[in-house]
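Working from the sequences, and respecting the hints, build out all of it.
Same order as they appear, the protein sequences are chains E and S.
In this text, residue positions in the first sequence follow this note's numbering: the first is 1, and each later residue adds one.
In this text, residue positions in the second sequence follow this note's numbering: the first is 1, and each later residue adds one.
Hints were generated in silico from the structure; no laboratory data involved.
Any given hint could be a false lead.
With a cut-off of at most 25 Å between alpha-carbon atoms, the simulated PhoX-like pairs for lysine-lysine come out as follows [what the hints assert, rightly or not]: (1) S:Lys165 <-> E:Lys68; (2) S:Lys119 <-> S:Lys198; (3) S:Lys165 <-> E:Lys192; (4) S:Lys29 <-> E:Lys190; (5) S:Lys38 <-> E:Lys190; (6) E:Lys50 <-> S:Lys165.
Cβ-Cβ distance ranges computed for the label pairs, FRET-style [to be verified]: (7) E:Gly184 <-> S:Ile147: 32 to 40 Å; (8) S:Pro194 <-> E:Gly184: 23 to 31 Å; (9) S:Lys198 <-> E:Ala191: 22 to 30 Å; (10) S:Leu14 <-> E:Pro78: 36 to 44 Å; (11) S:Gly124 <-> E:Ile185: 13 to 21 Å; (12) S:Ser9 <-> E:Glu147: 38 to 46 Å; (13) E:Ala33 <-> S:Leu169: 31 to 39 Å.
Please read these numbers as outputs of a predicted model, since none were measured by experiment.
Don't be surprised by glycine CBs; every beta carbon is placed ideally from N, CA and C.
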Amino acid sequence: MKKILALILVIPAILFTSTDSLSHRVNVYAVLAHDSVEGEGDFGKGRPCKSCEVIVYDEGGKEISRGKTDEEGKFRIPLPKGGGQNPLRVVLEAGPGHKGEWEIVPHKSEPMAIEGESQKEGRPSHLSSQEARAPLEREIREIVREEVQNGINSLAKEIVSLRQTGPNFRDIIGGLGYIVGIAGIFLYIKAKASPKKD
Amino acid sequence: MHISEGILSGPVLLGGWALTAGGLTVGLKRLREEEIPKAAVLASAFFVASLVHVPIGPSSAHMLLIGLTGILLGWICFPVMFVGLLLQALLFQYGGLVVLGVNTMIMALPGVMVFYLFKWAIFGSHMWVKRVARFFLGAAGIFISAIFCSLALVITKEGFLTISKLIVLAHIPVMVLEGLLTVFVLGYIERLRPELLKGLG
Chain E
1 MKKILALILV IPAILFTSTD SLSHRVNVYA VLAHDSVEGE GDFGKGRPCK SCEVIVYDEG
61 GKEISRGKTD EEGKFRIPLP KGGGQNPLRV VLEAGPGHKG EWEIVPHKSE PMAIEGESQK
121 EGRPSHLSSQ EARAPLEREI REIVREEVQN GINSLAKEIV SLRQTGPNFR DIIGGLGYIV
181 GIAGIFLYIK AKASPKKD
Chain S
1 MHISEGILSG PVLLGGWALT AGGLTVGLKR LREEEIPKAA VLASAFFVAS LVHVPIGPSS
61 AHMLLIGLTG ILLGWICFPV MFVGLLLQAL LFQYGGLVVL GVNTMIMALP GVMVFYLFKW
121 AIFGSHMWVK RVARFFLGAA GIFISAIFCS LALVITKEGF LTISKLIVLA HIPVMVLEGL
181 LTVFVLGYIE RLRPELLKGL G
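Rendered as structure tokens:
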């Protein structure tokens with residue numbers, strides 16, 4: 001009997017799992033781009049979160065900006081001035097009870113020799129030439145950073161999607177195994193507690 | 001119906017755990033040795049049912065088997081769903097460990113309620129009355145659960161009607177599907193192994 005029950009319930013369920021098995025988890029991915037936060041959200045397997053609320057919080061958990069995703073699940077939220085200096089938390093709210101989060105830790109720019117006084121341990125003899133180079137160097141750094149960021153974005157996205165592939169066959173079978181194991185433990189305990197009278 | 005981590009406020013989370021702890025105690029006390037295999041099979045079914053999605057409109061909801069688990073197990077659906085949800089949280093990242101108490105309460109309490117409300121649908125004599133009742137049994141499991149889910153969200157954030165409407169509407173296809181499945185499965189058990197249902201009540 002139990003076998004029949006199991007067949008009725010479990011087999012169809014497993015067969016159904018092939019597609020579309022992830023509406024639960026909300027994946028968010030976001031990066032800092034100039035003075036805004038750009039990114040996208042999905043429910044896994046290429047199903048975008050359409051017009052969902054996206055909220056950006058600062059380190060202290062204070063809301064600093066919010067926006068909405070578009071039809072492709074992408075969003076671009078402008079930040080208030082200086083908002084990109086500290087770590088941010090991007091929260092995507094996908095309907096009641098469902099949300100995803102993503103942390104952005106800004107790339108701390110190296111102290112650049114822009115202001116002469118910031119070079120306390122510096123060599124005074126080079127100060128003037130460094131001062132002259134500073135704007136150019138800053139510009140180059142900015143450009144390089146942007147290019148690298150662009151190159152990394154797609155890679156980072158891929159890593160995120162790899163990390164969040166959702167339930168796979170192994171998880172499902174593993175879970176069923178755990179249940180059998182737990183049932184076994186219970187049977188053992190109950191059998192010990194009430195020894196069968198022969 | 002799983003609520004994600006980090007949405008509910010502390011008191012709601014604690015309340016959920018308290019109710020779940022109570023339910024687990026009652027459920028485990030009632031769990032007799034000969035019922036353990038049945039409970040395990042239903043736990044497995046509950047565990048994988050969450051992977052069967054019913055996509056309708058912008059959102060999609062999944063099967064929960066609340067009514068079926070509830071009517072077959074009564075209070076024992078607390079430990080059964082607790083294990084199912086724990087594994088879903090650990091393996092699928094559905095819900096989470098902190099909200100496990102609330103999530104168990106949201107799904108198991110409707111199961112228990114369905115058990116007491118629809119017990120008669122198991123033993124009735126008229127076939128079609130039974131079938132219709134069983135359909136509503138399956139649907140009611142989801143409906144009550146959706147209301148509990150909204151309540152848990154509402155205590156944290158106001159706007160009960162909006163939220164509950166959203167959740168109930170999103171689950172209408174699941175209600176229909178679970179209603180039909182419940183009719184089918186209970187009919188099947190009745191025909192093949194009626195003794196499995198005799199133990200109820």
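Exercise. Are Lys165 of chain S and Lys192 of chain E close enough, with their CA atoms no more than 25 Å apart?
Worked result: violated, 49 Å
Exercise. For the pair supplied as a hint, Lys50 of chain E and Lys165 of chain S, is the alpha-carbon distance within the 25 Å limit?
Worked result: At roughly 19 Å apart (the allowed maximum being 25 Å), Lys165 of chain S and Lys50 of chain E satisfy the hint.
Exercise. Given a hinted range of 23 to 31 Å, is it respected by the beta-carbon distance of Pro194 of chain S and Gly184 of chain E?
Worked result: The hint (23 to 31 Å, Cβ to Cβ) holds, given that Pro194 of chain S and Gly184 of chain E are roughly 28 Å apart.
Exercise. Would the pair Lys29 of chain S and Lys190 of chain E pass a check requiring their Cα atoms to be no farther apart than 25 Å?
Worked result: Judged against 25 Å, a Cα distance of about 11 Å means the pair holds.
For this session: Please work out if Lys165 of chain S and Lys68 of chain E have their alpha carbons no farther apart than 25 Å.
Result: holds, 22 Å
Exercise. How does the Cβ-Cβ distance of Gly184 of chain E and Ile147 of chain S compare with 32 to 40 Å: does it lie in that range?
Worked result: holds, 36 Å
For this session: Determine whether the Cβ-Cβ distance between Lys198 of chain S and Ala191 of chain E falls within the hinted range of 22 to 30 Å.
Result: At 23 Å between Cβs, range holds.
Exercise. Straight-line Cα separation of Lys119 of chain S and Lys198 of chain S no greater than 25 Å?
Worked result: holds, 11 Å
Exercise. Range hint 13 to 21 Å: satisfied by the CB atoms of Gly124 of chain S and Ile185 of chain E?
Worked result: violated, 37 Å
For this session: May I ask you to test the hint 31 to 39 Å on the CB atoms belonging to Ala33 of chain E and Leu169 of chain S?
Result: Since the Cβ atoms of Ala33 of chain E and Leu169 of chain S sit about 37 Å apart, the hinted range of 31 to 39 Å holds.
For this session: For the pair supplied as a hint, Lys38 of chain S and Lys190 of chain E, confirm whether the alpha-carbon distance does not exceed 25 Å.
Result: The hint holds at about 15 Å.
Exercise. Falls inside 38 to 46 Å, the C-beta gap from Ser9 of chain S to Glu147 of chain E?
Worked result: holds, 44 Å
Checked against the numbered hints given earlier, the structure breaks hints 3, 11 and satisfies all the rest.
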